[in-house]
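Protein chains in written order, with our numbering: chain H, 580 to 737; chain L, -7 to 155.
Wrong hints could be hidden among the right ones.
Rough simulated footprint, nothing fancy, chain L against chain H, three-plus residues with beta-carbon under 8 angstroms [what the hints assert, rightly or not]:
1. 612 to 621
2. 671 to 678
3. 728 to 737
These are calculated hints, taken from the structure and not from any lab test.
Cβ atoms here follow ideal geometry from the backbone N, Cα and C, with glycine treated the same way.
The chain contents come next:
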Amino acid sequence: MIQALCDWLSNTHVSLAIQSALWVVPAVQTVHILCVSLVMYSVAMLDLRLMGFVSRRQPIARMVGRLLPWVWYSLIVLAATGVILIVGEPTRELPNAAFQAKMAMLGTVILITVVIQQQSKKNATYWETRHVGAKLIGLVSLLLWVGIVTAGRWIAYI
Amino acid sequence: MSIQHFCAWLESTHLATSIRVSTWLFPTIETIHVLAIVLVVGSIARFDLRLLNLAYRDRKVSEVYEEVVPWTWVCFSFAAIAGALLFSSHATTYYHNVPFRMKMLLLLLSGANTATFQRWTYPTVARWDFEARIPSAAKLAGGLSLVLWIFIVAFGRWIGFTT
């Protein structure tokens, strides 16, 4: 089924246009990586704060408010550029195990990030009063994000 | 010894050969390189945007600096070491690669920009730390840094399409 989808996608006008313009894929990948950099710095700081390693004097709720908007706005651009890359080279991405792992981890980490944000909105000191929970969710989130970047790079090798 | 001889020697070392012949070493080091670079760019971009008054306007410039720049340096060290290892594996090819040369040139320019900012502009930060009017030298440094890093990433990605 994935193969049929790839065959259909790669013969659409949009896909053929992306394939014939050799600069599109590297340029879109560059924008994609630049947005990844905005996401990764933000989540690394927030996750390390949740684990209690950095900025311990700063309230977690304030860091959530300051850092997560970068993540959400970047994710919109990441989704858009990601879709362009998939449409341009469907066979490179969709059947690829690294790509599928990346999407699974991405879905999970988005849910986790929503939980971090919602709990923090409802109760500003929620994460400060849950030492183990905060450490655990910070660690899982960081590992997932590192896994996402790793899987993203390995799409080229699998 | 010319640079070309140096590249040939580097490429023939045991370490470089191991990276070249292994199926997993190159992608693994490359993954570390990418993780380090995204953190370099993500961190320094935050400070550059503060200098340009485009982000964190409610925070002191020095506060953002102290929070962000140590991370930039730590991650840059990792990116440089991983990058050197990647370079060693195909040194003679990369040496002739145009996007690679452009990336190195822009890195040098970025270093000069940083050195200038650290030597002359940032020492006076106490005078404009919380001001809406950031001196144009500081804004210029922030803008240049941002543009240079965008193109460093672009040329870096481009290397992969030309070798």
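Using C-beta distances, would you say chain L covers the stretch 728 to 737 of chain H, given that this needs three or more residues below 8 angstroms? Result for this restraint: holds, n = 6.
Claimed coverage, the stretch 671 to 678 of chain H by chain L - three or more beta carbons nearer than 8 angstroms: Check failed, 0 qualifying residues.
Tell me whether the statement that chain L covers the stretch 612 to 621 of chain H is true, taking a Cβ distance below 8 angstroms and needing three residues at minimum. This one holds; 9 residues, not fewer than the three required, reach chain L with a Cβ under 8 angstroms.
Of the numbered hints given earlier, the model fails hint 2 alone.
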